Amino acid sequence: MNIAVLLSMVPDLVEELEIAPSGVALDTQWLRYLLSESDDHALEQALLLKERYGGKVTALALDRGEAEEALYTALARGADEAVKLTGIPEEGWGKRAAAAVVGAVLKESAPDLILTGVQAIDDMDGHMAGALAGILGLPFVGVTRSVDAPGAGKVLVQKEYPGGMAAEIEVDLPAVIGVLSAPQPPRYVPVARIREARKTRTISEREAPSVAAPEGLVIRRLFKPEPAERAEMLDGTPEEMARQIVTILENRGLVR
Amino acid sequence: MCGGSCPLAFAMEYTPRHSIYLLKEGLLDQVLKSNTLWLCVSCYNCTSRCPSGLKITDVLFPALRDAAMSAGHTLPAEFKKALDNTYRYGNSFGEAPRKRMDWARGAGVPVPIISQLKRPVEALWLVECYPAYHPRNQLQAQAMARVLHSMGVDFAVLGPEERCVGDCERLSGEAGLFESLVEKNIALFDKYEYDEIVTADPHAFNSLTRIYPDATGRQFPVRHYVEFLAARMDALRPLLGNRIEARVTYHDNCCLGRMSGLYESPRELLRAIPGISLVEMPFTRENALCCGGGGGGMWLDTVIWQAAHERLSDRRVAHALSTGADILAVSCPFEASRFEDALKSTGNEGKIVVKDIVELLDESAGTRGGMPA
Ligand code: SF4
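Listed in order, the protein sequences are those of chains A and B. Residue 1 is where the first sequence starts when you use the numbering used here, and the numbers rise one by one after that. Residue 1 is where the second sequence starts when you use the numbering used here, and the numbers rise one by one after that.
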């Protein structure tokens, strides 16, 4: 089975985020990027499938921030190939435009299974995976916690639903899966292996194809959360405070 | 000898001695699957007593951990996070390198950064990660800055450029990470001019005196502050004007004690403080019990607790309490927070105060007045 894993680099929150003078983007001067957490799980999931059933894992990343580090780490962890898509505009792309570009690349390579994180801190509503499936016209399941491939031409995924419910779904391949978590935490890769990968492996570079970027949301203003009105502190014994809370909720019409 | 000397052997599935025998029989897998390799806190007890001179702490345990990592074993979560963080940010906390100097704001004295001074200095002070980022340990760094300043030492720090020396990462079995830290640190050490390196971190001292030379074929002029200050007693003593009327007991840490034999300098510094009377606790000097924080122990507390139902720091504060001392003096950043936590978790909070020697010097010199950054 040929598996493609899409790795996205997201802003590293260890640095304070600043807003660029344009007022609609993050200031990238100090920004570092790291691999999005659920993509890390998607990679782990791909490697687990490969170990169990054989096949080939290709890691794919848009050239942003420390994408190269993420790709070498993927190779060190067991990926067979790494591809970096270059020619990304400085300000990056919206998720839908990025999905269109990645979709064009994956259409050519036509892997059996495409795995990516179901969401990212810059894609909380999880557009990427779904948009990719839409563009490629493939089946899509998101929020999975395990992907297995017991038979040919299909995968069996476990998907979570609200309220602690889970479903097991059989999906025909090729398909796109939005991974929430792999069945085991992403493995640790010793730094020596990453250093070796840097010396002995190569990342293939590919110019991002130009595709018409679909209309998406337009950011009008980016701002830090503004502090709400001052909090009201309640005093008294637990019973008195409970009574006060009930009164407040009643006055606001929140309970009857 | 190692099995009987190891303070955590009772909780290990195989004692160090038993592990060595299993390995001799080619049963590596069996050892790797046991809890043994995660319970070593690099106290060097076994090493210092081994009649055959086996490097159990420096070689055997790191090699076992390396083998487990290379075989793709799932690592304890906190431990993995600390290694990932050190690789990415140069500190196990996962803090921004830009915040490395935040502690200095509370020092109350200037803390020059060597790249900005643009001239040679007498002492390059390696602050190290815990004093730079951990709120309790920042107080130790601030005290150190004030003491150096009032002694008139011409010092500077590396500031945001500084990276972990890597002693705990090395003992954690992360040879590649250690190698990359060594390369980066050597390049930094070579970039500036100074007469010597001083650090308050015994683990950094351990690696810089014994391991960096092996790895690079070079010697580094490094001293722990207990030695550095004890050698400057003439400048220090006149500053120590405030009396500290207290019984003080000193905890010999593993790296300064067993590995370097620095038993006198810390005691000499304490005795120089007027008012202090020094009492010894059970198990001192080469027999001192480890605080449990070394060699990755800081990130393995959960695993160790699950196996042993105690931390070594819990046991060690009991030794200190048995002396009836008012103050437990330490000379390592890990210990201040570990012993304070142990006092709380064993219900002994307030019964003894934990202070770094440099904090006591600072107090006696009346330079005190800092606050957490
Ligand atoms: S170094 Fe200390 S904790 Fe580790 S095996 Fe030896 S005696 Fe035990």
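These aren't lab readings, by the way, just hints derived from the structure by calculation. Values in this document were obtained by computation on a predicted structure and should not be read as measured data. Certain hints may be false.
[What the hints assert, rightly or not] Think about it this way: if two alpha-carbon atoms lie no more than 27 Å apart in a straight line, the pair counts; the simulated BS3-like pairs of lysine-lysine are: (1) Lys199(A) <-> Lys33(B); (2) Lys50(A) <-> Lys80(B); (3) Lys199(A) <-> Lys184(B); (4) Lys224(A) <-> Lys55(B); (5) Lys33(B) <-> Lys50(A).
Right, here's what the structure says about each hint:
Proximity of Lys199(A) to Lys33(B) is assessed by CA-CA distance (about 31 Å); at most 27 Å being required, the pair is judged violated. Between Lys50(A) and Lys80(B), the direct Cα distance comes to roughly 23 Å. Compliance with the 27 Å bound is thereby established for this hinted pair. About 18 Å separates the Cα atoms of Lys199(A) and Lys184(B), which keeps this hinted pair within 27 Å; it holds. Restraint check for Lys224(A) and Lys55(B): the C-alpha separation of about 54 Å exceeds 27 Å, so the hint is violated.
A C-alpha spacing of about 24 Å is found between Lys33(B) and Lys50(A), which places the hinted pair at or below 27 Å, so the restraint holds.
Of the numbered hints listed earlier, those contradicted by the structure are 1, 4.
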